[in-house]
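Q: Read off the chains here:
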Amino acid sequence: MEHQNFSYDNKIVKYFAYATLLWAVVAFLVGLLIAVQLVFPIFNFNFEFTTFGRLRPLHTNAAIFAFVGNAIFMGIYHSMQRLLKTRMFSDKLSWIHFWGWQIIIVAAAATLVAGITTSKEYAELEWPIDIMITLVWVVFGWNMIGTIIMRRVKHMYVAIWFYIATFVTVAVLHVVNSFEIPVTFFKSYSMFAGVQDALVQWWYGHNAVAFFLTTPYLGLMYYYLPKAANRPVYSYRLSMLHFWALIFLYIWAGPHHLLYQSLPDWAQTLGVVFSVMLIAPSWGGMVNGLLTLRGAWDKVRDSALLKFMVVAVTAYGMSTFEGPMLSLKNVNAISHFTDWTIAHVHIGVLGWNGFLTFGILYWLFPKLFNTKLYSEKLANVHFWLGTLGILFYAVPLYWSAITQSLMWKEFTADGYLAYPNFLETVTQILPMYHIRIFAGVLYMAGAVIMVFNLLKTAASGQCVDNEEASAPALENTAKRKIFGETGHQWLERKPVMFTVLALVAILIGGIVEIVPMILVKTNIPTIESVKPYTPLELEGRDVYIAEGCVQCHSQMVRPFRSETERYGEYSKAGEFVYDHPFLWGSRRTGPDLARTGVVTGKMYKSDSWHYNHMLNPQGMNAQSIMPPYPWLAEKDVNVSGTPAKIRAMQSLGVPYPEGYDQQAQADLMAQAKGIADGLKTSNIDVEPTRQIVALIAYLQRLGKDISEHTAAIEMKEQAPPLTYPTDIEVDDALMIVAKDNYLKNCIACHGVNGEGNPVGPNLTDKYWIDGGSPEEIFMIIANGKIEKGMQSWKAQFSPKDMFGLTQYILSLQGTNPANAKEPQGELVE
Amino acid sequence: MKIVSHYLESIEGVAIYPIIGILIFVLFFIVLLFYLFYLDKGYVKDMGNLPLDDDLEVNENQTKKL
Numbered sequence: 067m068e069h070q071n072f073s074y075d076n077k078i079v080k081y082f083a084y085a086t087l088l089w090a091v092v093a094f095l096v097g098l099l100i101a102v103q104l105v106f107p108i109f110n111f112n113f114e115f116t117t118f119g120r121l122r123p124l125h126t127n128a129a130i131f132a133f134v135g136n137a138i139f140m141g142i143y144h145s146m147q148r149l150l151k152t153r154m155f156s157d158k159l160s161w162i163h164f165w166g167w168q169i170i171i172v173a174a175a176a177t178l179v180a181g182i183t184t185s186k187e188y189a190e191l192e193w194p195i196d197i198m199i200t201l202v203w204v205v206f207g208w209n210m211i212g213t214i215i216m217r218r219v220k221h222m223y224v225a226i227w228f229y230i231a232t233f234v235t236v237a238v239l240h241v242v243n244s245f246e247i248p249v250t251f252f253k254s255y256s257m258f259a260g261v262q263d264a265l266v267q268w269w270y271g272h273n274a275v276a277f278f279l280t281t282p283y284l285g286l287m288y289y290y291l292p293k294a295a296n297r298p299v300y301s302y303r304l305s306m307l308h309f310w311a312l313i314f315l316y317i318w319a320g321p322h323h324l325l326y327q328s329l330p331d332w333a334q335t336l337g338v339v340f341s342v343m344l345i346a347p348s349w350g351g352m353v354n355g356l357l358t359l360r361g362a363w364d365k366v367r368d369s370a371l372l373k374f375m376v377v378a379v380t381a382y383g384m385s386t387f388e389g390p391m392l393s394l395k396n397v398n399a400i401s402h403f404t405d406w407t408i409a410h411v412h413i414g415v416l417g418w419n420g421f422l423t424f425g426i427l428y429w430l431f432p433k434l435f436n437t438k439l440y441s442e443k444l445a446n447v448h449f450w451l452g453t454l455g456i457l458f459y460a461v462p463l464y465w466s467a468i469t470q471s472l473m474w475k476e477f478t479a480d481g482y483l484a485y486p487n488f489l490e491t492v493t494q495i496l497p498m499y500h501i502r503i504f505a506g507v508l509y510m511a512g513a514v515i516m517v518f519n520l521l522k523t524a525a526s527g528q529c530v531d532n533e534e535a536s537a538p539a540l541e542n543t544a545k546r547k548i549f550g551e552t553g554h555q556w557l558e559r560k561p562v563m564f565t566v567l568a569l570v571a572i573l574i575g576g577i578v579e580i581v582p583m584i585l586v587k588t589n590i591p592t593i594e595s596v597k598p599y600t601p602l603e604l605e606g607r608d609v610y611i612a613e614g615c616v617q618c619h620s621q622m623v624r625p626f627r628s629e630t631e632r633y634g635e636y637s638k639a640g641e642f643v644y645d646h647p648f649l650w651g652s653r654r655t656g657p658d659l660a661r662t663g664v665v666t667g668k669m670y671k672s673d674s675w676h677y678n679h680m681l682n683p684q685g686m687n688a689q690s691i692m693p694p695y696p697w698l699a700e701k702d703v704n705v706s707g708t709p710a711k712i713r714a715m716q717s718l719g720v721p722y723p724e725g726y727d728q729q730a731q732a733d734l735m736a737q738a739k740g741i742a743d744g745l746k747t748s749n750i751d752v753e754p755t756r757q758i759v760a761l762i763a764y765l766q767r768l769g770k771d772i773s774e775h776t777a778a779i780e781m782k783e784q785a786p787p788l789t790y791p792t793d794i795e796v797d798d799a800l801m802i803v804a805k806d807n808y809l810k811n812c813i814a815c816h817g818v819n820g821e822g823n824p825v826g827p828n829l830t831d832k833y834w835i836d837g838g839s840p841e842e843i844f845m846i847i848a849n850g851k852i853e854k855g856m857q858s859w860k861a862q863f864s865p866k867d868m869f870g871l872t873q874y875i876l877s878l879q880g881t882n883p884a885n886a887k888e889p890q891g892e893l894v895e
Numbered sequence: 161m162k163i164v165s166h167y168l169e170s171i172e173g174v175a176i177y178p179i180i181g182i183l184i185f186v187l188f189f190i191v192l193l194f195y196l197f198y199l200d201k202g203y204v205k206d207m208g209n210l211p212l213d214d215d216l217e218v219n220e221n222q223t224k225k226l
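Line order of the protein sequences matches chains Z and X.
Counting with my numbering, you get residues 67 to 895 for the letters of the first sequence.
Counting with my numbering, you get residues 161 to 226 for the letters of the second sequence.
These aren't lab readings, by the way, just hints derived from the structure by calculation.
For every residue, glycine included, the Cβ atom is placed at its ideal position computed from N, Cα and C.
One-sided excerpt, in silico: chain Z residues whose CB lies under 8 angstroms from chain X:
hint	residue
1	296
2	298
3	306
4	311
5	574
Can you build the whole structure from these sequences, using the hints too?
A: Set out below in C-alpha cells:
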C-alpha cells in the first residue's frame, strides 16, 4: 500500500488559539464592566460609547462569536486534520477564514459601541457585516468539506458529523434571520414585523445556542475528552444516537413551546413530551462523556485539564435540563424577564463552553509547542477560581430572579400591588449584583492566570508550524455500498451526501416550524386605531434602538393581573404590525415601557419628567441604576435621512400615504417644535432637532393607539365620581401606611421629605398650585394633573389610602426640610 | 410570549405540525435504534479508537477489514 507524506498545519491552529485567548479576556472584561454598571451607574462614564445598552451586546457577541467562535475553529482545525489524516484542504482558505473572522469581530465591536445595531439579540450586527459573515462562513465550510473529501481515513469520526451539522445549520439560521432591507450603509429594517419578527428571532436565538454553543462543542468533547483521558469514548453507539437525535430534535424543540401553549390539550402534551425528549439525547451525551473517564478518576484528581472537562460536561447536563424546564408554561411565567435567563446562559457559557475551552487549551498548548505545561499548579488555581466564579455567579442570580419575580407579583390584602414602585424591586436585588461582580473578578482572574500560564508554556517550547506525518493513501473507495457495509458506514464515506442529509434533518424541523410563522401574519387581527409611527417617532425609535434601551426595558405586558395592574392593558399582537424590528426585550432591568404613553395610565410621565430623567436618572431617583444620556440633548437627529426611512418602511408594507417621504421632514419639524415649546414652559430650553425630542415623542406614543381603542369602550361603564371621604379616622395605623405609600410612590418627584425637585413642587410650604384644602389635595392625588406631570393615583390606591396620603402631606406642613424647592402657586393660610 | 401562542391558536389546523413532527421523529428514532443495535462490533470499536490512534503513523483502522 502506498504511504503518503504530508504535514499538519499547526500554524493556523496556533493563531486561532491566540485569538481565543485574546477575545476571552476582552469578553470577560466587558462582562465585568457591565456587571459593575448595573450596581454603580457612574461607570457608564456619561459617555455614549460606554453605556450599558451598547456594551451588553458587545459582551454577548464577544463571548459567543469571538471567544467561543475562535475556540471552535481552533478545535476543528486541529482535530479534523488528525481525524482525517490530511492537511486542511487549502491554506489560503484557512487564512482567509482566520483574518476574515477577526475583521468581523473588530467591525462588530466598533459598530456596536457606535450604536449601530439591529437590536435583535445575538444578531445585532448590521447588514454589511452580515454579508461578511456569510462569506467567511462559506469559506470555512468549503475548506472543511474539501478537507473531508481529501481525507486518508475511510470513515468520519462522530466529532466531524457535529462539525458538519454546525456548518449547515448556522448557515441556514444566519440567512433567514438576516432578512432585512438596507436604508443606509449602517442601517436596515427587519423584513418581518412584530409577532412574526419575534418568532423568527427566537427561532434563530434558540438555535444559535443549539448550533453555535452546543453542537460544535459536542464535537470537540468527543475528540478531546478521549484524547485527554487517553481512552476511547464510553459508547460510540451512544454518540451516534446522541448526534442524530440531537440535530433532529433541537431545531424544533425550543421555540415550539410558543405554539403548544395554546393548542388543544392533547397537542400540548405532545409538546411537553417533545421537549422533555430533548433531555434524553443531551443527558445521553453527558453520561457518555463522564463514563469515558470510568476507571480514570484518579487521573482526574491530579489533572487540572480533566477537572475542567468534567465540570464542563456536568454544566452541559445542567443547562440542558434547565432549558426544557424553563420552557414549561408555569415556570416561564415566573422566570421570564428576570435574571433566571441570565444565570442559565452563564452556566452554559462559563461552565460548558468556557471550561471545555480551557481544558482543551491546557491540553493543546504543550502538544503544539512540544513542551510541558508551565505550571500545573497555576492551572489548578485557575480551576478553583473559575468554579467558584460560576457558583458565585449563578446562585445569587437565581436568588435575585425569584425574589424579584415574587415582588412583582405580590398583592396586598386589599388587592393592590405590594411593590408598586418598580425601583424597589431593583434595590432589593442589588446585593446579589454585588456578589456577581465578585464572581466576575474570580472568573476573570482565573482566565488571566491561564493566559500567563499558556504564554509561558509557549515561550518554553517551539511550535512546529508544519508537522510532518504520513499515512497510507485511501484506497480508491467504491461509489456504491461495498459488501458487508451498512448504510451509515457508506454514508460516512460520502461527506457531501452526509452534509445534505444533515441539512434535510434540520430542515424538516425548520419547515414544520416556519410554516406556522408565515401563517401567523395573516392571522393577526388588525386594530383600527393602530397607526404607523410619525416621522419624529420613527426617528425616536431608532434612537431607542441605537442606545440599546431594549437591553433593560421590555415592551410586552403579559396578561397577568400583576402586570396589567402595574403597567396597564396587556399587549395585543395587532399593536406591533408596524414594528420593524420588534422591541419586546428579554430582561426587565427597568420597568416595561409598552404603556408609557398612555396619558391616563399608571406609567405616564410628562415630557419634562422624561427630559430630566433621561439626562440624569439618579437626579430623579437616587437609587436608579439607569445610565444617564446627556448626549441626547446635544446630538441632532439626521433629518435628511428621514425620507429614505419612510420609503423603506413603505416598501415593507407600512401604509404611509403615497409620496409621504416628501412631507416627512416638515411633519417631523412641526411635531418636534411642539414638544420643544412644551418643554419651554417647564424652563427647559432645547433645540427641536435634538435626539431627546424624538425619543420623548416615541416614548409618549407607546401604548397610545391601543388606549384610544379601549377608551371608547370604557367610556360607557364609568365609575361613580370620587369624593373626599369624611368617615375615616386619622390614627397611627393610617399614617404609617400613608408614609410608606408616600415613600414608595411619590419621592421620585416630591423628594423624600416633601421638599420637591425639578419636577414636582414642594409639599411642605404654605404655597399651593392646586389649592391647599384637604379636599383639594385629595382630588389632585386622585385625578392628578397629567399635562403638568402629576400622575393620577385613583387606579392604584383606595380612597382610604388617598385620604391617608392627604393627611400625611398635611402633616409635613412647616417642617422646613433641607434643599426645599422655592414656593410655587398661591399662599394658602 | 404567551401572546404569540394566543394568535397561533387562530391558525386553522396548526396542531397538525407538531403531530407530523413527532411522527417523523418517532419513526426515525426507531429505525435508528434498530440500526445501532445491529451495528458491527468491530467497526464500532475501531471508530471509537479513531481519536486515539491518530498520532500513530499507520492507521490500523485503515488496514483492518470492516
